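Trainee: If you want the building blocks of each chain, they are given just below.
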Amino acid sequence: MEFNSKLMKDLSNCFSPSGREKNVREFITNEIKDYVDEIKVDALGNLIARKKGTGKKILFSAHMDQIGLIITHVDEKGFLRFSNVGGINAKELLGFRVVFDNGYEGVICSEKLEEKEKITFNKLYIDVASTSPDFVKTNFQIGDMCVFQSQYYETEECVICKAADDRIGCYILIEAIKNYSETETDVYYVFSVQEEVGCRGAVTAGYGINPDICIALDVTATGDSLDGIKMDVKLDGGAAIKLMDKSLITHPEIKDLLTNLAKENNIKYQYEVLEFGGTDAGAIHTTMSGVPSGVISIPTRNLHSCSEIFHKNDVLECIKLVNAVTKQ
Amino acid sequence: MIKDFLFEICSNQFVSGFEYSNGHILEKYFDAFTDSLERDKIGSYIFKSNGTKDTKIMLAAHIDEIGLMITSILDGGFLKFTSVGGINAASLVAQDVTIFGKENIFGVIGIKPPHLTSDEERKKPIKIEDLFIDTGYSKEYLEKIVSIGDVAVIKREPISLCGSVMSAKALDDRACVAVMIETAKELKKISHKSNIYYTATAQEETGCRGSKTAGYKIDPDIAIVLDVDFGMTPDMPPDTASLGKGPIVAIGGRLNPKLTKKFIDVCKEYNYKIQYEAVPAATGTDTESLQINREGIPCILLSIPLRYMHTSVETIDIEDVKNTGKAIARFINEIDNSDLEEILCF
Amino acid sequence: MFLKELTELCGVSGYEYEVRNYIKNKLTEIGCEFYVDKLGNVIAHNKGKKTKTIMISAHMDEVGLIVTHIDSNGFIKFKNVGGVDPKVLNSKVVLIGENKVPGVIGSKAVHLMSQEERGKAIPIDKLYIDIGADSKDEAEKKVNIGDYVAFKSDYVEFGDNLIKAKALDDRVGCSAILELLAMKLDVDFYGVFTVMEEVGLRGAITAAYALQPDFGIVLEGTVSADMPEVDEHSKSTLIGKGAALSIIDNSTVYDIDAVRNVEKIAKENNIPYQFRKSSSGGNDAGPIHKTKEGAKVIAISVPCRYIHSSVNVASKNDYKSVVELTKTVLLEQCK
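Going line by line, the protein sequences match chains A, B and C. Position 94 of the first sequence, counting from 1, maps to 102 under my numbering, and the rest follow consecutively. Position 66 of the second sequence, counting from 1, maps to 76 under my numbering, and the rest follow consecutively. Position 13 of the third sequence, counting from 1, maps to 20 under my numbering, and the rest follow consecutively.
The set of hints was computed from the structure by calculation and includes no laboratory data. A few of these clues could be false.
Claimed, not checked - Label pairs and their computed distance ranges (CB to CB):
1) Ile35(B) to Asn276(C): 51 to 59 angstroms
2) His118(C) to Lys276(A): 52 to 60 angstroms
3) Lys11(C) to Glu113(B): 17 to 25 angstroms
4) Gly33(B) to Glu113(A): 25 to 33 angstroms
5) Ile237(A) to Glu150(B): 55 to 63 angstroms
6) Glu12(C) to Asp220(A): 42 to 50 angstroms
7) Pro290(B) to Asn130(A): 27 to 35 angstroms
8) Val115(A) to Glu124(C): 52 to 60 angstroms
9) Lys59(C) to Lys154(B): 24 to 32 angstroms
10) Asp83(A) to Gly263(B): 50 to 58 angstroms
11) Glu113(A) to Ser31(B): 35 to 43 angstroms
Here the structure is a predicted model, which is why all the values come from computation and not from measurement. For every residue, glycine included, the Cβ atom is placed at its ideal position computed from N, Cα and C.
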């Protein structure tokens, strides 16, 4: 299987911060509608596709939303004040370019500060490059969201793009659907909403489907760069089988299932213990009387920045592992 | 028997998420007093004792304990680890540990000798990332037995102190699992009408996850939640409860006021010692998930006083366990003979 | 090797009875002449070919705690005996006094700690032992002020030939001397088991005064810091790399010719050895080499990780190297 650069680039460029997932949902619907038996959107906006079967119910989940910013105030001079949507550190924002759904762009600036370390959201603003307050008021309103702007770029090995968290998970599920081979398993592919603000979509999707097992696809951090995170996961180390994060302790059956399938099918894998963060699986595994759950993670550097980096080989291994689970 | 149970159960591991491995010990002790065992899908154990009417009473005490999880295998036979649940890194220094790999192996958590640390370094807090488990094996050999994600616990034999006081790891919350055994034993004697669900919940320490799923599965009419609470020591404020003076009855918004009052009344009538605590909001126990399960579950919360919580030398008075167990049995008996709906009606 | 038995005994400095009694019994079994001096040192004599007076010494005592006060609720306050790092006291089981009354040293629940408190070592004056007594009266029935307190820590063999125990500093030395005495070598030497090393090298002072040695060999458990993230030059000694030879410490500048000679002997006999790469610490060699007209001293040690805690770790191979090297050095003295 080749890495489909165009698909990844299109996914990355969809404007879809948490709660505003329309663009990416439409894009994915178009990609998969001819390959699945059933497709629906639930009340929160989760896209739920199904390949029917008579066997066990499996729920795969990847979230469609991305972190972003939301306008909280448009001032007299035409500058925009904002707050965060999802986990964003105010200290790292200065100078970032942002883009709105209407295509307009801006840059994040700061009031004059004595100490840069003490930067908070209320000292920052967006300059949309206009001298006309009227223009600004016409085109930007309180409640509008924006996301980081950055160019998709790739090398032989890796991709640099925005929103790899978790469009790469969506990419994997789309490719898995397209390469699906007939099985008994009743497979639900959930493209969930609002993960970045607390796995909210996964909660309702999990309840609605009440699966026998759940596997989430999401990014994880790595310990192979100079950013000081200490963990054994690395780029090009294969699909990462998560064993624990702050939201989930992987069910032993799922750990064994994923490990054995990886071994049997010669899929490169690595184990992951993440000391922070959580995924959709955390929300789904306590649904009703419980759902044995796990996560297949894509090792990603520079998480929650405008330029996340992942390795194409890892992605291909993840797709193989998803389809191995389906065939079970 | 309660002491035997506590010594045996506290010598074994039930790290959050890994509660499946030693369930036979629970079965051994609950078997004689209960009719069936079910599991939820997170790892909770539900021992049911059948009644003669439809009322369902859930007792909940968590079986899981805080532990360590291996994150990396280093040269020289050292392992890096993180915690499962909240642990103070300072309580891990100079402890024996058991690592549950393909086989169980022994290790030690050491610390750099003071000879080599500067004054400044000595004053710095200890962080988990500064600590290592020393196994004495080569990296090559270790990699065959241990893998990332395996868990470890402090190796600590339970000990008897003065009178009925004992010390062990994981008495939070196995002291309360023992309370359930005592209740089950009593109810077997005096019989009961309600269906009783003795639930050893999983993953409380990582976010009350097992009680959420077990509560959903059981769908009880009321729940009696059992946990431990801070016991009096010289460094505690004066309103702290003492060991040996009975369970601490929690009063606050997470608990059903009328059911709580009923329990207090029963204890007063039958001369069971109790202590009180006011809990304005979150209790940090399984009531967090149980109270809001499905359409809601009226809960009471009883706590066994315990010193040195989340260390390997947690200390309780076994008399508190026995008295609490007996008081609950009496309480259930009273509920059986009253109109529960009327008690719960606001 | 008598390490299991020796490390399971309590012998906090000043209260070495258990260790002394064990050693006396062993010496009687071996058939070795000995006497106990006024401080409590055990001085054994191995008779044989004599060219000079040789004293081999190891200390019986270990670091620990002593009861200073019992509070109104029955909690027990204590002070340290010898150098105990307060970091190692959190969440430990201890044994108090002759009757070994069990107690625990706890710590405030992590839930109640401020972010600042977390991870910090609690100073000794804020710690206490809990024996489960509910009043001062009840506690006083079991424990008295002045009772010595030792760590409870089992002897465990683990890893590749490693052992973990309390008090390996310096029961390794005691065990080694017992082995050397049992060999009945044809070399005249005194095997000395000293008291109160950890609180000021007291026992060795009187023993050396009585024996007036020409040559002293101190057998010790010494600091090793060969753990991850320690610079190579700071590791002091390495576990599993052989007997550690001292060059200098706070108590002694070792006679360099004697040290080089021991190194030569080790090389010739293929006995693994290393140098102790630290100048801190001190041992019985200090008083021995300075007593009366003075003596040449060497120190041969077993590297121990986490020394002065309840969980010392050492290698059986290193221990064997220390015994073997000391034996060879002794035999060389008669040539």
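Trainee: Each hint needs a verdict: does it hold in this structure or not?
Mentor: Here's how the hints hold up against the structure:
1. Ile35(B) to Asn276(C): 51 to 59 angstroms: holds (54 angstroms)
2. His118(C) to Lys276(A): 52 to 60 angstroms: The hinted range 52 to 60 angstroms is violated for histidine 118(C) and lysine 276(A), with Cβ atoms some 42 angstroms apart.
3. Lys11(C) to Glu113(B): 17 to 25 angstroms: Holds, at about 23 angstroms.
4. Gly33(B) to Glu113(A): 25 to 33 angstroms: violated (58 angstroms)
5. Ile237(A) to Glu150(B): 55 to 63 angstroms: violated (26 angstroms)
6. Glu12(C) to Asp220(A): 42 to 50 angstroms: violated (57 angstroms)
7. Pro290(B) to Asn130(A): 27 to 35 angstroms: holds (30 angstroms)
8. Val115(A) to Glu124(C): 52 to 60 angstroms: With Cβ atoms ~43 angstroms apart, the hint is violated.
9. Lys59(C) to Lys154(B): 24 to 32 angstroms: With Cβ atoms ~52 angstroms apart, the hint is violated.
10. Asp83(A) to Gly263(B): 50 to 58 angstroms: violated (42 angstroms)
11. Glu113(A) to Ser31(B): 35 to 43 angstroms: Distance hint for glutamate 113(A), serine 31(B) is violated at roughly 55 angstroms.
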